[in-house]
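Fit the two chains together into the complex; they arrive one by one in their own frames, and the hints show the way.
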Amino acid sequence: MAESAEPTAAYVRIANVTKKFGDFTAVDNVSLDIRRGEIFCLLGGSGSGKTTLLRMLAGFERPSSGSISIDGVNMSTIAPFERPVNMMFQSYALFPHMTVEKNVAFGLEQEHLGRDAIRRQVGEILEIVKMSGFGARKPHQLSGGQRQRVALARALVKRPKLLLLDEPLAALDKKLREHTQFELLNIQQRLGVTFIVVTHDQEEAMTLGQRLGVMNHGRIAQVGTPSDIYESPATRFVADFIGSVNMFEGQVSEEGADFVRIQCGELGTPVRAERVLSQSRGATVWTAIRPEKIHISRRAPGGGPAGPPENAVRGTVREIAYMGDMSIYLVELASGKLLRVTLPNTARRGERPIERQESVWLSWHGSSPVVLTE
Amino acid sequence: MAVRLTQAAGRRLVAGIPLVWLLLLFLIPFIIVFRISFSEVRLAIPPYTPLISWHHGTPSLEVHWSAYSFLFTDPLYVSSYLYSLKVAAVSTLFCLLIGYPMAYAIARSNPSTRSVLLMLIVLPFWTSFLLRVYAWIGLLKNNGVINNVLLYLGVIHQPLALLQTDFAVYIGIVYSYLPFMILPLYANLEKHDPALLEAAADLGARPLRAFLAITLPQSLAGIVAGSLLVFIPAVGEYVIPTLLGRTDQLMIGRVLSDEFFENRDWPVASAVAILVLLLLVIPIMLFQRLERRELEAAK
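If you read the sequences in order, they're chains A and B.
Take 2 as the starting number for the first sequence in this note's numbering and just add one per residue.
Take 479 as the starting number for the second sequence in this note's numbering and just add one per residue.
The following block holds chain B by itself, in its conformation from the complex (with noise of 0.2 Å):
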């Protein structure tokens, strides 16, 4: 009886440790950001106003919805907005393209190798992200690595615009968030039977047939994990747009943190970040709703 208990014990501590942890480091802030994002700017702190006002000891709510009218009032918003969604899936579609076949090639190798290559994915999270971005800046620049080199060889004679164009923001976002899409691809084409591949053979199919047919449709779990892992943050992208990236284009994260900082308008940045978060959260129901059906097949 008293080891039952313990053990019930045991089990709502394991499952409310991380309870806790949503509770104080996501659901609190995002209340606070929700509940800024109803209120006007105003010169004081803190910088905006209060939801509820007293009024001869009566309590009053206020709300503004002029933090969210007024983003589809001016045309910065919504074209970062698209801007941003456009940016996180051109570079999800690239990084699918260059992880899966790396990631196949590494489910496919012999024990030995894969776990080197597997290092090899992860080992540059040991360098700072920032740094990496910042060595991105001394290849793509006008008298970068990348121009001299090809300035060197004859293959041009003016200086690329390499730097501060989509190009850039493709190549840092892709080169930075790459292993997040191999290593859930990796996971799940590891866990691939190889003898289904030879039953499909055995069966009459040529290998690029017997790849659409039985793996690819077999890593649609592996394929929207890794998606989202490279979409979801790619979308609110500060740093590598900021470094790398046009100045006369931004991304909405970039609109975020001027908002915040530089114009200090409070109500403005929160309603921003409630709207990437609404855009984000669509995505992600999808892939819940789709691991759960998968969750189901597998049983």
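With the rest of the complex left out, here is chain A (with noise of 0.2 Å):
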């Protein structure tokens, strides 16, 4: 293809890859383009498929149908050790009878390489990740932080083209965590590595990743930006997987050129919302809603002079949840839905906050809805 040549064209081509244990499909039928230098995240829950897709990328799992090309070079019949791709194992698979030294020497010393070059390749590799004074240390003798970075090392040693990171951080505690998170970035960008990282944590994908793919039941529900994927979820899945979200069943009731309306028996009010896509009256959707786009206060927001306020409901505050630097309302509508509200706490006394049992009004700007039909 033409496009290959240019520098944002695929660099990891899976295509149409499947893959069947017996009875069960982990990988559905997946198409994804990876470009050259860049972080993509899997997400995903456990049993999504992310990790069998990963497998297949470093070669431990054949696919069923379907081709994975690396660099333009289809990796069907190649060996994991002859694959130009590292890989960071969760448990880090570090050697335990080997030193850390050793241990990153390894993928050198299988190419024969001369022992200055390998023990100066190790010093560099060792040197970027910050473990310098550790090489003469077995595995058991380290922290987990300082394992994570061994099998970094190890992993980078090679210079693949392509590191395939499987949840790099879920072993380390949430400090280091997001310590680690930052390196990784730095790294990444210090050696110009395509990273692919499979993680269940949106967290992380959200703060590594340049794109996302999200994905459920072996199949790719999403691909985008982690802020396309928040802010413009495709499928109920996705909006529902990615942060908190509340989600209300209706029906269109109007289209406009530029909005649509829609009836929802469970909200009592009908929202109003930009239309995306082409929705038919009478058309089943969700309408989902982040709790920190929508508004509570104690009186009602200045609506038209005309007919009831459009995206605007009444509730009564049933549950408050102090999280320091925000809060979370669970406000109960009259339908007896919850809705969940989340509030910056921007002053540190402010006025009389809202209590428990308060009524009510919630409200959200008519750009704030996301219309979904699957």
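Any given hint could turn out to be false.
[What the hints assert, rightly or not] As a list, the in silico DSS-like pairs of lysine-lysine whose alpha-carbon atoms are at most 25 Å apart:
1. A/K176 to A/K131
2. A/K294 to A/K338
3. A/K131 to A/K162
4. A/K139 to B/K669
5. A/K103 to B/K669
6. B/K619 to B/K564
[Said to hold, decoys possible] Under 7 Å between C-beta atoms, here's a sample of chain B residues computed to sit facing chain A:
7. A673
8. L674
9. E676
10. A677
11. A679
12. D680
13. L681
14. G682
15. A683
16. R684
17. P695
18. Q696
[What the hints assert, rightly or not] Quick list of simulated restraints, FRET-style, between CB atoms:
19. B/E769 to A/D34: 45 to 55 Å
20. A/D174 to B/F512: 51 to 61 Å
21. B/Q485 to A/S144: 27 to 37 Å
Read the hints as simulated data drawn from the structure, not as lab findings.
Every residue, glycine too, gets a C-beta built ideally from N, C-alpha and C.
Below, the structure written as structure tokens:
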């Protein structure tokens, strides 16, 4: 193809790949292009097929059908030990009987490099992951974070064009995870390696990934930038999986040039949303509104004088969770449906805060609701 | 407080039972044998001189080295020792070569077949050891199964002399002791993380190279444990060489039994036993040192 010469063209091309284990379809007809030098996150729950897809890229599993090519080379018949790919394992899989230095040198030794060249490259990569002083230690003498760095160094020392990371931060505690995330980004940019990261942690995926692929039941549900996926989820699954969301089933009651009006029984008020897809009148759709995009106040929002206010509804506060930086309100509507609203705590001591059992108005901007058809 | 006391007592009891067991059934018999080895044979009951003799009311210690010096004057003993070590070493090597792939295959098989395979390894123990060795006589003798089949097929025209050879002893020992090699190796190999081999492959190692660099060094403790479990009893093996082996070259277990029952020379028999023990204590100590190192590394 002509576009393959461009720098942004697919570097890894996954074409109609299916993987079956007996009757179980782990990966179901997945097609995906990953660009050179990007960080691509495969995000999904357990059993979504993300790890199987990664293992097929590494060569540990063969696709039942479809093909994978890396840099234009079809990988179908290429064994794991011959692929230009390295992997960082979720368990790190460090060789327990070898020192850190030996672990990192292992990949270079397979290429029969000279001893000096190996020592120099091992030294360089340990420097990059800030593990220079630990070369003589065995894996069991290291902390979890240090092991993670050694695993990264071992996977990077051969300067692979493509690095596969299987839940790279899952075994680290929260503080260390945040710190390591930014370091991973830093190293990725320095070395210009293409990263494919598998994770079940959406926060990790959002901060690491330049693009995300959300997987569900062996299929790709949506591919896009983190903000694409958060703000414009394509399906109810994606909207629900990434972040939290308030979702209402409803029917399209009116179509304008740039808006649709949706009657949602549970909500008790029509929703006016931006028109994105063409929805015919009477069609069943789902309206999704993120909790932080709902305003909560004691007074009724300044709606139009005519008729009931649009995109506003009354409710009673049932629960308040104070999280420090923000508070989460669970507000019960007349229909009994609970709405989740988050509010940043912008002031240290503001006016009288909203309390439990108080009657409040909830409102949102017309651009906030996302209308989903599947 | 009371709970803690009973806990401490319980712990002492648990540790104490094996201690008493070892004391009664190992240490005391050893001391008796050790003591007999330093006496001389005599025609009496018991058939050896007492260690302490009384002359006009004063005790005197009588230590005789003759049993030990005798072992080194007659080449029969030295050659039996060396022969036993050789037979045990060669048998252990074959057990390892046969047992390692089997243990590896069992460790890699899926869990449902794994239990069946392990069962098959243990199954021979349900038949008496002696019977199984006798069965080998039926297979190996001149008009036995193997020779008859080969003669019938026309592969040979004269029966092969299989029985009463080193070959027969090796077959008997390897056959009998193979489970003792397989089980500790399996226990070790089963714990290996398959991700390590994947990591090795991912870093460019071909399967054989990955095996040599990752699996083999990590299974060292299993190799040593299995080898000792075969080697130690094989050195002192009595039944197999007596039934299947050569008559011109005895293993040390047979020599010991002959000294004791045929010659009724208890001191020499005891000295033989003590030297066999010394011969075996060294590899056991080596093993324990290795095991301790392994334990420290695993922490």
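Right, here's what the structure says about each hint:
Between the alpha carbons of A/K176 and A/K131 the distance comes to roughly 18 Å, so the proposed pair stays at or under 25 Å and holds. For the suggested pair A/K294 and A/K338, the alpha carbons sit about 18 Å apart, so the restraint of at most 25 Å is met. Simply put, A/K131 and A/K162 have alpha-carbon atoms about 22 Å apart, close enough for the 25 Å limit, and the pair holds. For the proposed pair A/K139 and B/K669, the alpha carbon gap of about 19 Å is at most 25 Å, so the pair holds.
For the hint pairing A/K103 with B/K669, the CA-to-CA distance comes to about 22 Å; that is within 25 Å, so the pair holds. Distance restraint check for B/K619 and B/K564: the Cα-Cα separation of roughly 24 Å lies within the 25 Å cut-off, and the hinted pair is therefore satisfied. Taking 7 Å as the C-beta cut-off, the interface hint given for B/A673 holds, the closest approach to chain A being about 4 Å. With 7 Å as the threshold, the beta carbon of B/L674 comes within range of chain A, its nearest partner Cβ sitting at about 5 Å, so the hint holds.
With 7 Å as the threshold, the beta carbon of B/E676 comes within range of chain A, its nearest partner Cβ sitting at about 6 Å, so the hint holds. Here the hint on B/A677 is kept, as its CB sits about 4 Å from the closest CB of chain A, short of 7 Å. For B/A679, the suggested interface contact is upheld, since its CB lies about 4 Å from the closest CB of chain A, less than 7 Å. With a least beta-carbon distance of about 5 Å to chain A, the hint placing B/D680 at the interface is held under the 7 Å criterion.
Nearest Cβ of chain A to the Cβ of B/L681: about 4 Å, under the 7 Å cut. The hint holds. Nearest Cβ of chain A to the Cβ of B/G682: about 4 Å, under the 7 Å cut. The hint holds. Among the interface hints, the one on B/A683 holds; its C-beta lies about 5 Å from the nearest C-beta in chain A, closer than the 7 Å criterion. With a cut of 7 Å, the hint placing B/R684 at the interface with chain A holds, because the nearest CB-to-CB distance is about 6 Å.
Annotation: B/P695 was flagged as interfacial toward chain A, and the flag holds, the nearest CB pair being 5 Å apart, inside 7 Å. The beta carbon of B/Q696 comes within 6 Å of a beta carbon in chain A, closer than 7 Å, and the hint placing it at the interface holds. For the pair B/E769 and A/D34, the beta carbons lie near 53 Å from each other, so the given range of 45 to 55 Å is met. Take A/D174 and B/F512: their Cβ atoms lie about 59 Å apart, and the range 51 to 61 Å holds.
Under the hint 27 to 37 Å, the C-beta atoms of B/Q485 and A/S144, about 34 Å apart, fit the expected range.
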